[in-house]
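Line order of the protein sequences matches chains A and B. Per the working numbering, residue 44 is the first one in the first sequence, and the count goes up by one each step. Per the working numbering, residue 44 is the first one in the second sequence, and the count goes up by one each step.
Honestly, the hints are just simulated from the structure, not real lab data. Note that CB positions come from ideal geometry on N, CA and C, so glycine has one too. Incorrect hints may have been included.
Claimed, not checked - 30 angstroms max Cα-Cα, derived DSS-like pairs, lysine-lysine:
(1) 306/A - 174/B
(2) 49/A - 306/B
(3) 46/A - 352/B
(4) 306/A - 56/B
(5) 306/A - 287/A
(6) 56/B - 87/A
(7) 246/B - 87/B
(8) 306/A - 224/A
(9) 56/A - 352/B
(10) 352/A - 46/B
(11) 224/A - 174/B
(12) 46/B - 56/B
(13) 287/B - 352/A
(14) 87/B - 174/A
(15) 46/A - 306/B
(16) 246/B - 306/B
(17) 306/A - 49/B
Claimed, not checked - Pair ranges (Cβ atoms, derived):
(18) 224/A - 52/B: 36 to 42 angstroms
(19) 190/B - 59/A: 21 to 27 angstroms
(20) 202/A - 141/B: 40 to 46 angstroms
(21) 108/A - 341/B: 45 to 51 angstroms
There are 2 protein chains.
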Amino acid sequence: MLKEDKLVGRIAKAARSISGRRDRGALRLGIGDDAAILSPQGGKDWAISCDAFLEQIHFLADVHPADSVGYKSLVRAASDLVAMGAAPRYFLLTLALPESRTGSWLDAFLAGMRRAARYLRMQMIGGDTTKNPRVSIGVTVMGEISRGHAVTRTGARAGDLIYVTGRLGGAQLGLELLRRKIARARNLRGAWQAHLYPRIHVKLGEWLARNQVASAMMDISDGLSTDLSRLCSASRVGARIRAKEVPSVKIPKALRRPAHRLKSDELEMALHGGDDYGLLFTVDPRRRALLRRAPDAASLACIGEITSKRQILLVDDDGTRPLRNQGWDPFSTK
Amino acid sequence: MLKEDKLVGRIAKAARSISGRRDRGALRLGIGDDAAILSPQGGKDWAISCDAFLEQIHFLADVHPADSVGYKSLVRAASDLVAMGAAPRYFLLTLALPESRTGSWLDAFLAGMRRAARYLRMQMIGGDTTKNPRVSIGVTVMGEISRGHAVTRTGARAGDLIYVTGRLGGAQLGLELLRRKIARARNLRGAWQAHLYPRIHVKLGEWLARNQVASAMMDISDGLSTDLSRLCSASRVGARIRAKEVPSVKIPKALRRPAHRLKSDELEMALHGGDDYGLLFTVDPRRRALLRRAPDAASLACIGEITSKRQILLVDDDGTRPLRNQGWDPFSTK
C-alpha cells in the first residue's frame, strides 16, 4: 500500500470519529471514493465556501499548537456559512504537509479538528492529502439554509443599525501575548483562548436569517475596519461608528506594565484586529425590538448606523474622522 | 482598497468570462459574498471533491507554463466527478501565490483555467486568495447526477471485464520530454499535449452511469497499477491484466536514440505512469455489447477481467506475474 493511502486511511478513520452528527442527513457517500455524493432535500439551499490556512501566513509553527491549527482551520471556514445564516453541515479537507508532521503533529491536528466538528455538528466527507515542505490546509465547507433565506452583504440601507457580537480585538490580543510567550499564564486564559479556539455564533446567524432580521451580514475575519468597508462597498452605502459603543477587548492589568508594552490600545485592537470571527450585521430600526429574543442577545452591541454617503466615519470625543481600513491583508508589505 | 481585495476583484472578473455555462442552473449567488448559494433541483444528487495542485510537488515552476497549471488544476479535479458519472458544474478556487506571480503569471494561469472551464462547461462560484512563497492551488468541484446513479469503486465483481480509455502513459512520456527540454518540437506535439492539456471523458462517464453499464469506475490519476489496486481493494476483488491488450503510448522514433534515453519502456509507462486522467471501469460481460453505442467507443480497450482472488496479475509472453503497485506516491522517498 502506498504511504499516501495509509495516511488517507488514518485521516478517514479520524474522520469517522470527527462526525458531529448522528443522522446521515443528505450524505449518501463519504470519504473513500472519487467524490462524495449528497442528495439535497427539497426547499433547502446550500451555502458553499472555501478557506486557506497556511503555515507562516495564517499560523506560526512555533506559536500555534497543532490542535489549535486543526480547530481554527475548520471554525474559520464555517464562520463564512454562519455569516450567510446557514447551518454548517459538511466539509472537505485538503491537507499538504511534510513527512515530519505526519506523526504526533497530525494526531493533535485531527483532534483539534474533531473538537471543532463536534462543536459545529459538521461531518468530514472528503479531501486530498499530499506532501509539502510547509503545512498547507484548505477547507471547503457546506451548509444548509431554507430556500431564499441567505443573508448577503448587499442588503444594508441608509438608516439601518449596525451590530457586532462579542468583544472585538480579543484574538489580536491573544496573538500578541502568544508571540511574547507570556500567554499561557492561567490568569490570561481568556485572552489566548479567543485566539486559539474562537467560538462562533451559529445559532444567532441562523436565527437572524430565519426571521429575516438582518438586512446584510458577514463575519469579522480581517478586522472591523476592513470588513465593514467590504460590507458597505457591497451595499453601496457608508457608515458612522461611535467609538464609545465598540465593545473592545479588555487588556489585563498585568499587561499594562511597560515590559509587556503592546503595539495597540484596546480601541485599535477592536477596530483593526483580525481573527475574531464575530458577526457584523445591519438591522432596519423598525425590526430592532425583535433582537431581544435573539440567541446570544446579551453579546450584541449596536455600534452605529448605515449612511447614504459612501464613507466610513468614526465618532469619538475629539469629533468625527474617517475610519481607515487597516485590517489584515496578506499582500500588505507592512 | 486592500491588495488582497484588488486581486480577488481581478480573479472574479476573469471568473465571469471563465463561466462555460450560459444558464444559471442551480446557482443563486456566486463570487463576492461570504459563501456561494446553490438551489439544488429535485431528483439530482451532487458529487463533490477537492484536489491540491502544488508547485514542486505536482508541477514544476521551470517546466510547466502557467496556462497549463491553470488548465490542469481544474481538469484533474473535474476528472474525479467524471469518474462518478457526474456532469461537472461548479468550482471554487483556493489560490496562494507569491507577489511575483500576481502579474503575467496569474493572467496566463487564469487563461488556462478559463480554457478548461469552457471545455468542461463549468462555472467558478467562489474561492480564497492569499500570499505564499510557493504557488499552492486547491480546487473544489461539484457535479450533478441523477439520484442514485453515481458509480463508485466498490461494485466490481469476479468475471467483470476491465476497460480503460485512451493510450496510457502519454502524460508520463510528455513529462519526461518536457524535463529534457526536447518536448516543444512540433513533431512531438501529441506527446507533450497529453501532459500539459489532458482531455477527459466527460460524455463517456455520464453515459456509463446513466445506462448503468459500469459496475465500478474511477479515473487513472496515479497510474494504472496503483489505481487498479485501489479499485480492487474497494471492491474486495482481484484482477488479471493482459499486457498485450494494454493500450500503451507510442514512443516516437526520434526519441529512441541513446541520447534521449527514457527511463521507462512503453509498457512500463502505460502500467505505472500517472497524470493521464483516463477512465478505468468494469462491466458485467452480459452488458458488454452495449458499449458499442458509448461515446468515445473507439477509445475503449478491454485489458483483462476481475477475479475473486485478491491479487493483481499481469499476463505476458513470459507467463503470469504479480503486477506491483508502482504508481505515483507523493510520500514515496524514491
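Flag every earlier hint the structure violates by its number, smallest first. Numbers 4, 13, 14, 16 and 21, in rising order.
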